[in-house]
Each structure stands twice: as C-alpha cells, then as structure tokens.
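Protein chains: 6
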Amino acid sequence: MPLTSHHRLVLPADSNHHGTLYAGSLLRLALEAGYATAWRHCGPQANLVLRRVLNLECLRPVPTGTVIEIQGAVLHRARAYLVAGLLGTPLAAGERPWLEALLGFAQVDESGRPDDLPSDCDVDEIADREEWRRLTQRLAKLLKLR
Amino acid sequence: MPLTSHHRLVLPADSNHHGTLYAGSLLRLALEAGYATAWRHCGPQANLVLRRVLNLECLRPVPTGTVIEIQGAVLHRARAYLVAGLLGTPLAAGERPWLEALLGFAQVDESGRPDDLPSDCDVDEIADREEWRRLTQRLAKLLKLR
Amino acid sequence: MPLTSHHRLVLPADSNHHGTLYAGSLLRLALEAGYATAWRHCGPQANLVLRRVLNLECLRPVPTGTVIEIQGAVLHRARAYLVAGLLGTPLAAGERPWLEALLGFAQVDESGRPDDLPSDCDVDEIADREEWRRLTQRLAKLLKLR
Amino acid sequence: MPLTSHHRLVLPADSNHHGTLYAGSLLRLALEAGYATAWRHCGPQANLVLRRVLNLECLRPVPTGTVIEIQGAVLHRARAYLVAGLLGTPLAAGERPWLEALLGFAQVDESGRPDDLPSDCDVDEIADREEWRRLTQRLAKLLKLR
Amino acid sequence: MPLTSHHRLVLPADSNHHGTLYAGSLLRLALEAGYATAWRHCGPQANLVLRRVLNLECLRPVPTGTVIEIQGAVLHRARAYLVAGLLGTPLAAGERPWLEALLGFAQVDESGRPDDLPSDCDVDEIADREEWRRLTQRLAKLLKLR
Amino acid sequence: MPLTSHHRLVLPADSNHHGTLYAGSLLRLALEAGYATAWRHCGPQANLVLRRVLNLECLRPVPTGTVIEIQGAVLHRARAYLVAGLLGTPLAAGERPWLEALLGFAQVDESGRPDDLPSDCDVDEIADREEWRRLTQRLAKLLKLR
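Residue numbers (this note's numbering), protein chains in the order written: chain R, 5 to 150; chain F, 5 to 150; chain Y, 5 to 150; chain C, 5 to 150; chain Z, 5 to 150; chain S, 5 to 150.
Since the hints were made in silico from the structure, they are not lab data.
Keep in mind that this is a model prediction, so the values were computed, not measured.
Be aware that one or more of the hints could be misleading.
Unchecked claim - Now the in silico label distances, taken between C-beta atoms and shown as ranges:
1. R:122 / Y:145: 26 to 32 angstroms
2. Y:85 / R:133: 33 to 39 angstroms
3. Y:137 / R:83: 39 to 45 angstroms
4. C:148 / R:133: 51 to 57 angstroms
5. R:21 / Y:134: 45 to 51 angstroms
6. S:133 / Z:93: 52 to 58 angstroms
7. R:69 / Y:120: 17 to 23 angstroms
We put the beta carbon where it would ideally sit given N, CA and C, even for glycine.
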C-alpha cells in the first residue's frame, strides 16, 4: 500500500502566541494522521485505539498559514497491534521533516479487549528514502527496549 | 518542589464514540499538564517549546464524565532542556495509573534558538512511590538510547 | 493528477443530537477537503480563497464513529479560478455517495485581488465513474447559469 | 414574519492567517443562521436537517474583530422542504452584502424520513429591497435547474 | 429598542455527560448574547469589554438537542458602562426562564481606558413582563450594594 | 485544605482581536477552575452543577501568551450547596488580581434534585491575605441580599 498523505492549513486557532503551530494542536493532528493511516491499512473492520506514542519529534516550528502535509505508513504489525510512522513533509526544499512520529494502535473488540487485526496484509512498502529508513531504525531500537 | 496536579472533567466534546476520552484530546491534555509542570518549575522567565514525546502510554480507557487528575514532576534537567513526567491518578482504588508520559521541553530565546533554563533548582523531589520510580527508570533507558 | 482523499473519524464533538454528523461540521470538513484538493492542484504558490459553494448535497446521515472518506478533484479551471468537486465515499457497499459538492476557489495576490493560478496543468483526470460524471454534468449546468 | 437577525463577533479562533473570517467558520456560521431562520419559521415542532446548499457566495473578506450581522428569511416552501435565504449585512455604508446564501432544509420524522412541515404559514415577507429580490430570482433559476 | 433575541441548537459538543448544556458552554453563550445586546444598543462605534457578571442564575437544565432562545435588553446605562439583562425563554409553556443574567460592559478607547458610550439613547424599553421586572429589581439591589 | 491552583497558557484560540483573553473564554476557564475546586473539596462522590455566578470581576486584560494561574477555595457551605471563590494571581509583582469570582454549585442526585454534600469537612482555610478577605466579605453581603 502506498503512503497515506494528510494536508491541512494551519490556522490561528491551531497556533501559539509565537505564530507557529501549537504543540497541543500538533499532537492532535499527528494522532488524526496516524489513526487514518492505521485505519486505511486495516479496512472497515478496524476498531483501533491508541496504545502509546513510542516517539514523537518536533523538529521545526511551523508558521501559521502553512499548508502542512503529514505522510504515514504502517511500519510494524503484531497480532493485535500495529505501529504507524509519520513524517511531516519538509516545509522548504532541502529541509528535513518538521515532524517524526511512531504511534502504536491496538485492535480491540466490543468490550475493549485486544483482538486480531482484521486484514493479513504486510506492512506498508515505503519508498526507499533516507528519512523513512531512519524512522524504521528508531522503531527497531524502541521495540527492543520495552 | 511538590508534584503539580491538574483536574479536568471529561466532556462529550473530549470523547470518542465509545464514550471514553478520545486519544486526540488526551494528547492535548497531557501537553497542557506537561507544559504547566515545566512552567511552574522554571518560573515566569520560562519560554518553553515541546521538543519531543519520549513516551506516552494509554493504559486504561477513561469514561466520559470522569474528573481526571494528572500529576506532574520535572524528572530530568539539562542546560536548555527538561523532561516532565506525568501520571494519570488511578480512576479507582487499587488500579494503576491510566496515563504515563515523558515530555521533553526546550527553553528557547526570542529567535527560537536553545537558551539556558532560567532557574537553577534541582529536579522535583517525587514521593518515593512505585509508579514514579518506574517512570524514572524508563526515562533513564530512553535517554541512553538516543 | 489522481483524486485526493481525506479520511476522518466522526466524533461526538462533530455530531448533532441524533448521533449523526452535524451539518455545521460537515460544511467545515467539506471546505477543508476542497481546499486541500485545490492546494495540491496548484502547489505551494497557491493563495486560495473560497469564492462560492456552487452546490452541496447531503445525501445520507453519517453515524458518529464512522471513518469518512472524502475524495476530491479539480473539475474546472479558469485564469484565476477553479472548481473542486467532492464525493463522500459510500458508507456501505452498493450505496450512493453521502456527500456531493462543488466549491469554487479564487487565487488572490497579497492585497486580495484576483491573480493568475500558478500552475498551468489541466483539470484532474477523474476515473470514468458514474458519480463523477454526474457531478461534472451538474457543474456544466451551473456554470452556464450564472 | 420579519427577518431574523444574527450577530456575532469574529474572533481570532474564527479567522485565517490573513486576519479575516476563515471560510470553514463562515460556512458553520451560515448554517447556524439558516437553521435558526428555518426553526423560527416552523416553531418547536421543527425537526430539520440540511439537505443542500443551493448557492453560497463569499463576496468580501470580513476582518477579525468585526461584529457581523446575518439576516435570514424563508424564501420557498414545499410540503416537507424549505429554503432559507441569508444576507450578510454590508460591513460599511454603501457596500454590498459580504455573504449571500440559499440553504435547503428538510423536515424529517423520528426515523429520518421526510415529514410534513409543521406550520402552514406563508414564506416570510421580505422588505422590498434590491438584494433580497436578487436572491429570490437566483433561487427561482436554481429551483428550475434541478 | 426591542428585545434582542438569540437562537442556538444545543449540540453534544456543548453538553456535559448528563446530556444537558454544560455550564462552561452556557457561560460562553450568555456572554455572546449579552455582547450582541450591548453592541446593538451602541451601534458600530461600540468598543465594549466585559467588566463583570453581576449575577447569573442557572434555573433549569437544558437538554441536548433543544433550540434555545436568549432574549436581551440593556437595563442600565452610565457614562461609560452599561448592564445587559438576559432571560432564557422557557423551554415549555408555563415554565420559568432557564437562565437569568446581568452582565456589565464598559466602553473603552484604543488604549483600553474607559470611554463615553457612543449613542445617547435610553435604556431599552422592556415589555412589562413579570420576569423582566424581577431582573430589574435584582439589578437595582446589586447596583446599590457595590 | 490548601488552595487549589490552575495554570493555563492563553492561546490565540482563547483571545479577542485586541490580543487579550476573550471574555467568553475567561468565563469557561473560571467555571473549570471553580468546578475543580469544588470537586476536590467534595471528593469522588461529588455530583455538582453550577447554580449561579454570584459575582465575577474582570479587573485587567490578560495578554495572549501569558501563563495564567487561578487559585480557588471553598468559602461557604450549606447542606447541598457550596460557593467556590477564585482569584487570578496578579500578572506582575505589585498588581492586584486580574480576576475575582464567586461561583455557587449544588450537589444533585441522579434525577437532578438537591442532595447532601458528601464530605463533612469545613470550608477551606485560606491564607490570611487581604484579597481573600475582601472576596469573603463580598460573599457575606451577597448571601444576605438574596
């Protein structure tokens, strides 16, 4: 499956008093992008809840008025759990991403208990790009840690 | 300095369709609690921005209508950077926290560059409780990782 | 350019007292999807403002808890103006879209006056699907009307 | 019945990065004004849902800090359907309205099926003003089109 | 000047976990209605700020899904200060208002200092209704108190 | 019980077009602080609803970007009713509070009827500070009035 991609205009309602994206809004946008990435991977049987943020890096301030893009891919799958990786597409040519994140979602049944993920497809194939490789390597280290 | 403490009624506006706290709202509340913890530690010269979420665990669903409490303490300090730890006070006696989080904030100057933290006080003394000890140990591992 | 695609979980905060997507929220979501569609068509030089809603049809109620998908394509271009078409992907197999919309955006300069659209690419090629054809035909009638 | 009238202070939370009313907020405000117009027309037995936006024109940017007024009137009635017209009162003497809109609402029963409108009163008598006449003529053309 | 009148559908986003209008939302709606009342009284030269809530009574819970009406009138004027009275129109025939409020607004100049109110009209003539008389009497007592 | 204390960063989303805390947001923040104060006083058996605002004074504008602190204490208790007092900690040394408020909450049972307050503790002991004394004296006058 290709990368998912989320566009959004950063409004004053999303901003702090420095005129950049407020961290509280950024976390919510990252969750929405991660949730949609995981949901597209699983299909309509998805019943996903956020289990953890394994890591989230705010690498550059995002000025109000920017149309941001967040790209997402499923980087890891277990029986009832998956990890969505996110990258905030650089705001200018030659820059690094302004956001990197690894969000873990669990599939649950009606009563909230862990349940098998519906589809049996593989993790997303990500373009062989440096920034996705780094995110995957960080994930490998973090999965070993716990 | 003692623990800081944040109370909030969970409203339908904060909830998902299962009648529990929506992860996007939870992340924003955690950021607000972490920011207030860091700000109280630093005093009015604080000019803090979120650098990273080192870890955030959603351990139990929180029903709409609950008054949640999030406790916070500064667990780590470097020259221009600190980490605030957060615990969601158990919703019922004998339960574990519903939230654990480690948020890293940087002190920045007017132009957004790293700056010395204003105060020179120590990290917060946390009550010698099991759940804070576990959070501190996780932080130690994560700081070594990067 | 392919269709753009927007996913979003419908939360209680987006809903009316019937437990379905509130029309005020629906209009905002449609605007965000239309804006992102137009922006992706134009690229980073886009400075777009909504000029008009040519037509927007609410065809089925959307239950809270649904992950909706809105697909978008640019269906018409003039020198300083374009129309984005939107379709809400059917909520169940065999159904019709729950949303159809035609939103007109103008490109403006710094002082808010009409300006040439930055790119010179064609309108989006849309899959030869019945529901897009109908939307395009409605647009043709509406453009003749004014 | 006289025109209904809705006042609202435009706040930064409603604005875009140009310091004017954001289109996503404008659409929600228009829906609220249209809904209240239709509701006042029908009385407490109203159970209305938005069926369509027949037309909505954004004619001038509205600066943050403005107290806007939106006037509404029911311009068309069928058995289970009505159309509310809206005009944004000019922001300065001698200007045209900043908003024109035609919103179609359906009366529905408990299960969401079309139902007879409760009252049997006529469409609102609108002051014989040029801008209302134009809106009514546009409506006549659009009703013929579908 | 006649009473001003504000209609609004109470949504789940405005509600508490009992399915009624949340007090935090109620206070914001009361402020918006009071501000609009004061603004209409003063005209476009108004530059008003809330100085105080003299009294606000929540007399009945308001179920989600209700279209509420708040009526307003200016009940008191000083050189640079006025008091807007608000009544929540009874939710059912024979009931008392669900809301009573007295909000004091000051007119200020560019630098935030008190300034003369722009118009020199009288306080609003209120229909000689029992509930408005009681509100006016309470205001008289409260103005004496301070 | 000591004073409760609430910190919050004032964001553009909370502000008016003068770049200061909007009164509608201020009222909601005051309600949240008052509710948390009353809840902490009563413990988890609390089932509180706002009955009235006895008084609320907006004494100074609060610039966007400020981290505000609101302190709270329960100043009065009856069988099924209590009054929470609030003070907005001065924004600069030597200033007076920017907010003073007295909010009355009722304890209710499942069906919304008044119920005995759960705890039997006394009103909060407030530090013997001038501004709390003044607020308590105002409360005494207002309680006599009704």
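For this session: Please flag the earlier hints that this structure goes against, numbers listed from lowest up.
Result: Hints 1, 6 contradicted; others consistent.
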